[in-house]
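*Asks:* Given next are the chains, with one letter for each unit.
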Amino acid sequence: MTIKLRHALLVTTLILFATPAITPACAQNAPGITDTEIKIGQTMPYTGPVTAFSTLGKGEIAYFKMINDRGGINGRKINLISLDDGYAPPKTVEQTRRLVEQEGVAFMFSSIGTATNTAVQRYLNSAKVPQLYIGSGASKFGNYKEFPYTIGGIQGTFRAEARIYARYILKEKPNAKIAILYQNDDYGRDYVAGVKDILGDKYASMVKEATYEFTDATIDSQIVSLQGAGADALIVAATPKFAAQAIRKVYDISWKPMFFLSNVAIWVSTVLEPAGIEKAVGIISSVYVKDPTDTGWDNDPGMKEWKAWITKYMPEVDPRDQNYVNSYNEGMVLVQALKQAGNNLSRENILKEALNIKDMQLPMMLPGIKVNTSPTDYYPIEEMQMMRWSGKQWVRFGDLLSGSL
Amino acid sequence: MTVRTEPVMAAALPKAWSAWQATGVVALLVIAVIVPFAVSSFHLLQLTMVVIYAIALLGLNILTGYNGQISLGHGAFYAVGAYTMAILIERAGMPYWSIVPVAGIVCFIVGFLFGLPALRLEGHYLALSTFALAVATPQLLKFHALEKWTGGVQGTFVPGFAAPLGLPLAWDQWLYLFSLGIAAALFFFAWNLLRGSTGIAITAIRDHPIAAKTMGINISLYKLLTFGVSAMYTGIAGALGALVAQFVSPDSFTIFLSLSLLVGAVIGGVASIFGAIFGALFIQFVPNFADQISKAVTWAVYGLFMITFMYLMPNGIAGFLKVIGERLRRRRNS
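Going line by line, the protein sequences match chains A and B. Heads up, the first sequence is in this note's numbering, so the first residue is 1 and it goes up one at a time. Heads up, the second sequence is in this note's numbering, so the first residue is 1001 and it goes up one at a time.
Worth double-checking, as some hints may not be accurate.
Straight line, CA to CA, 27 Å or less: simulated DSSO-like cross-link-like pairs of lysine-lysine [as the list claims (entries may be wrong)]:
| id | chain 1 | residue 1 | chain 2 | residue 2 |
| --- | --- | --- | --- | --- |
| 1 | B | Lys-1295 | A | Lys-241 |
| 2 | A | Lys-65 | B | Lys-1295 |
| 3 | A | Lys-290 | A | Lys-145 |
| 4 | B | Lys-1295 | A | Lys-196 |
| 5 | A | Lys-312 | B | Lys-1295 |
| 6 | B | Lys-1295 | A | Lys-145 |
| 7 | B | Lys-1148 | A | Lys-208 |
| 8 | B | Lys-1295 | A | Lys-58 |
| 9 | B | Lys-1322 | A | Lys-307 |
It is worth saying that the hints were derived from the structure and are not from the lab.
Could you build the full structure based on these sequences and the hints that come with them?
*Replies:* See the structure below:
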């Protein structure tokens, strides 16, 4: 201990003496960038209440493995350091600072969670470390005036989705009485905000709201009271467990509203099967990626490429998990941005190119939906297509719809 | 109070220090003060958290270790302290240093009030009711009517500041020293409190409530005060924790925080003042270490560590060190 301490003292003294001699570095490559490596970081909920989401990080690691096997980007391999934050904001702060200050990563990429990303947003922006393509559909991550280093993920935002549903209701059922059941957090409230964007002054007279907490046991009473209010259209912004409960309860009390379901809860195995697939017939949702379980894509070159990747790099996983599609998309857009940045890999230039993605068509995105970013557009995806559950599968219908105002 | 204490009880109480121990503590403090100039800013962040956890654990130790009241809900007091800091900075514009005592007072009152119903509950029942408090905390923080102040589910940012008096220190370095100073004062206060007649009364209630009562100790009052002081410590830790994290939200203070605090208190050594420091080191570093060993089974590894520690050191790290110290002394004497 004393020897260590003496060393520490010695080092400190040397640093103090050396300080005036250090010249400010001119604009050059970001930390974590060498001639052979691009070191980047992220936080993932590998433990805690939502470990299921962490497949996004595993998928991204596997995607970069493929890129590296093919020689990397301009000879540089991507080294993604993915740390556990247990979905707890204080832990996210600690791990993010570890990545930035200790590991010296060039930037943060695709960390998951709304509260967790919010917790480090100020830190990363004041340290001028890009917080790229984050794993949350919350619309707050695109506020470039206040947080120019934070860019939303390669996924449609909840708010855009809600706007699409509200427009559809106004077109199909102009006099509808709308019920919204939402989770009482950023995720659920974005749906309320989106519907408000479209309805404006009419919101108060047309909409009846009900909320639940992530920790509640059931939402049965909310469903019953919404039916009792005379609603004939229902928007459910719920996570899978509650979505399944909502589908079953609506069916059981013989309520037949025009039923919209948030696209985070459209999974057959975790939502529709537990609720009863026949009880969900007619439910409307939306989509922007290709669904690997949809046999209609079997001969699609993009899908074939994706399947080849997952068979080679992640043979042990359940390919029905949509996060493996999302991770593929996220990784692909980042690689494009880094390619555009070429050999000028300063944080400023990486951010600039991450905001300079033009009309990029991803192989696993629905045809026609393109990734676009600009210094005034921090939402990479804004279009979706609606779909309806037939009892056997989701059937897409209508044109691509934009969720922007 | 001239009570003849039983040997067991006397052993649990902090005694006056020998010259060696005093030197040790001073050396430790000197090292602790030098640290911010010798380590990277990230390690400094971790060490600041150790200091803060140590304060929180000391609070829990006073209640659970010395007074025998088990609390599974100290995360709630930590949260109250953190939110007091966040709200008074952001909404009232008060300087951060002046909020630390305010957070302490607020948590003392909250702890005292929570202690009132808890008086009727003992042992497992108290553990369960404090558990309920911990479970309810995130939802209470989301309460609509309070959203104007708490920021609801979105949480609230806590800004960073410059070091005072123009000191040439970064905010992180200053915050570490600031926390360390508060911790030193609180440790001294706890040591003073527990070695005096108050300490005897507190431990007597734990060991033999009926005997304590016959001695004329006002059990209800002492239990309430202990609850209040304990909550005050943990609340001050929470206030400092908010300054470090620069963000508070309901998800920051889940049941897991309360459980971690109890783990830290037990592993460090209950009924030991310095046990709080070891416990703090454990809950800060062992989860990270477990994560590095295996991402897939992090918590299994963590659990294994916990079991190993409890098996090898049933009286906590502090108790273990004490036994070793005794043996060395006996060998020297023989």
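*Asks:* For B/Lys-1295 and A/Lys-58, compute the direct alpha-carbon distance and say whether it is at most 27 Å.
*Replies:* Holds, because 11 Å separates the two Cα atoms, which is no more than 27 Å.
*Asks:* If you draw a straight line from the CA of A/Lys-290 to the CA of A/Lys-145, is it 27 Å or shorter?
*Replies:* violated, 33 Å
*Asks:* CA of B/Lys-1295 to CA of A/Lys-241, is that 27 Å or under?
*Replies:* holds, 26 Å
*Asks:* With the threshold set at 27 Å, check whether the alpha-carbon distance from B/Lys-1295 to A/Lys-145 stays at or below it.
*Replies:* Violated - the C-alpha atoms of A/Lys-145 and B/Lys-1295 are around 37 Å apart, more than 27 Å.
*Asks:* Hinted pair, alpha-carbon criterion (27 Å max): A/Lys-312, B/Lys-1295. Please report holds or violated.
*Replies:* holds, 22 Å
*Asks:* Taking 27 Å as the top limit, are the C-alpha atoms of B/Lys-1148 and A/Lys-208 close enough?
*Replies:* holds, 23 Å
*Asks:* For the pair we were handed, B/Lys-1322 and A/Lys-307, check the Cα-Cα distance against 27 Å.
*Replies:* The hint is violated at about 60 Å.
*Asks:* Next pair to validate is A/Lys-65 with B/Lys-1295; report whether the Cα-Cα distance is within 27 Å.
*Replies:* Holds: A/Lys-65 and B/Lys-1295 sit about 18 Å apart, inside 27 Å.
*Asks:* Straight-line Cα separation of B/Lys-1295 and A/Lys-196 no greater than 27 Å?
*Replies:* At roughly 42 Å apart (the allowed maximum being 27 Å), A/Lys-196 and B/Lys-1295 break the hint.
Hint compliance for this structure: hints 3, 4, 6, 9 are broken, all remaining hints hold.
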